[in-house]
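Engineer: Residue strings, one per chain:
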Amino acid sequence: MIDPGYLAATVLVAGGITFALRAVPLLAVVPLRRSAAVRFLADELPAGIMIVLVLYCLRDLSLTELSPTLPTLIALNVTIALQVWKRNALLSIFAGTAVNVTLLSTAFPV
Amino acid sequence: MRPRSGLLATSRRTELKRAFFDSAGAGGALFPLGLAFGLLVSQAGLDWWWATIFTAIVYAGSLEFILVGLVVVAAPLSTIALTALVVNVRHVFYALSFPIHRVRSRPARFYSAYALTDEAYAITTGRPGENWTGTRIVGIQLLCQAYWVLGATIGALAGDRLGLHLPGLEFTLTALFVVLAIEAYRARRDMPTAIIALLSGLIALLLSPEHMLPIAMTLLTVGLLARFALRQRRRRGNAADATEHGGTR
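Chains as they are written, first to last, in our numbering: chain A, 8 to 117; chain B, 189 to 437.
Derived from the structure by calculation, the hints contain no laboratory data. In this text the structure is predicted, and so the values were computed from the model without any measurement. For each residue, glycine too, the CB sits at the ideal point set by N, CA and C. There could be a bad hint or two in this list.
[Stated by the list, open to error] Footprint (simulated), chain B over chain A, 3 or more residues, beta carbon under 8 Å: (1) 20–32; (2) 56–64; (3) 68–77; (4) 82–93; (5) 104–111.
[Said to hold, decoys possible] Some chain B residues flagged as far from chain A (calculated, every beta-carbon gap over 12 Å): (6) Ile268; (7) Glu318; (8) Gly351; (9) Gly389; (10) Gly411; (11) Asp429; (12) Thr431.
Construct the complete structure from the given sequences, taking the supplied hints into account.
Structural biologist: Shown next as structure tokens:
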């Protein structure tokens with residue numbers, strides 16, 4: 008059982024930081040808007056962050072073990088292909104996840 | 189005064205109706221994603237009501253998925269703080285275009301800033317010509333959060349009561365980021381940034397899988413700022429060239 012105090016602290020820390028990130032710039036919005044460097048980051052960072060987060064999610068995959076590496080790579084390709092083809096976010100997410108869950112619970116048990 | 193307040197009440201109702209239709213698309217995604225999140229919470233061995241607390245208080249979808257993975261391995265609070273900072277730093281930039289100046293009252297403004305999620309940002313900035321009222325903006329945000337909290341609570345309860353265990357369910361988060369990355373790339377079709385991000389991530393993975401996120405984000409920010417500086421210098425060089433040629437002619 009995970010300690011409830013630790014969980015509560017986690018919620019407060021993560022919630023507080025998220026709120027600060029959202030609220031503080033709203034107070035300082037005018038000076039921020041004038042900076043060309045900030046505007047450049049605002050345009051370019053979102054796509055970059057998402058790519059980094061994809062790699063972050065894959066950080067525990069080992070190149071020498073078949074499972075869960077192979078199922079995850081197959082699911083990844085399903086999600087990418089569907090998103091490029093159909094552009095339906097929910098379909099891409101749930102089809103990829105369904106493939107991953109199915110492969111891991113049948114052909115490739117960890 | 190009476191007829192006036194009556195009029196206000198009607199306009200508020202129309203604005204809330206608009207908010208309902210504005211948020212319906214996002215709700216169609218938030219509710220099932222919430223279900224998956226709730227299921228993941230129950231699989232992690234947390235009591236079902238933690239799904240409600242996480243989604244109601246932290247209210248940042250992708251971070252919450254990551255938090256479940258972190259609390260299961262009892263990650264230190266410093267890691268949790270750093271992860272929250274790195275994953276949600278993008279919200280700093282939402283402030284540049286989110287129409288919060290339309291939200292009048294102080295408590296509503298507070299909530300609006302608190303609930304400035306990717307979805308709220310996308311809905312309100314996707315149609316710049318729209319006449320957004322404060323009621324409509326806050327209504328959208330309240331509804332989005334309701335879909336998310338409700339989905340997560342039902343998912344966790346279902347996982348808890350039915351004893352569901354789906355191996356590999358955490359792939360939902362990977363898939364979510366893949367979709368967001370593809371759509372963010374589509375919006376700008378900017379290859380250099382994609383390559384800088386890919387390299388930042390891979391270098392960080394090689395250096396330390398455990399501290400991958402802060403390292404990669406630092407590399408990415410430094411890389412983008414370097415690119416910006418280069419572009420500015422090239423522009424200034426071009427401008428100087430132009431004036432020089434102008435002078436000789």
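Engineer: So, for every hint listed, does it hold in this structure?
Structural biologist: Going through the hints against the structure:
| no. | hint | in the structure |
| --- | --- | --- |
| 1 | 20–32 | holds (count 11) |
| 2 | 56–64 | holds (count 9) |
| 3 | 68–77 | violated (count 1) |
| 4 | 82–93 | holds (count 6) |
| 5 | 104–111 | holds (count 5) |
| 6 | Ile268 | violated (5 Å) |
| 7 | Glu318 | holds (20 Å) |
| 8 | Gly351 | holds (15 Å) |
| 9 | Gly389 | violated (3 Å) |
| 10 | Gly411 | violated (8 Å) |
| 11 | Asp429 | holds (21 Å) |
| 12 | Thr431 | holds (21 Å) |
Hints 3, 6, 9 and 10 from the list above are not met by this structure, while the remaining hints are.
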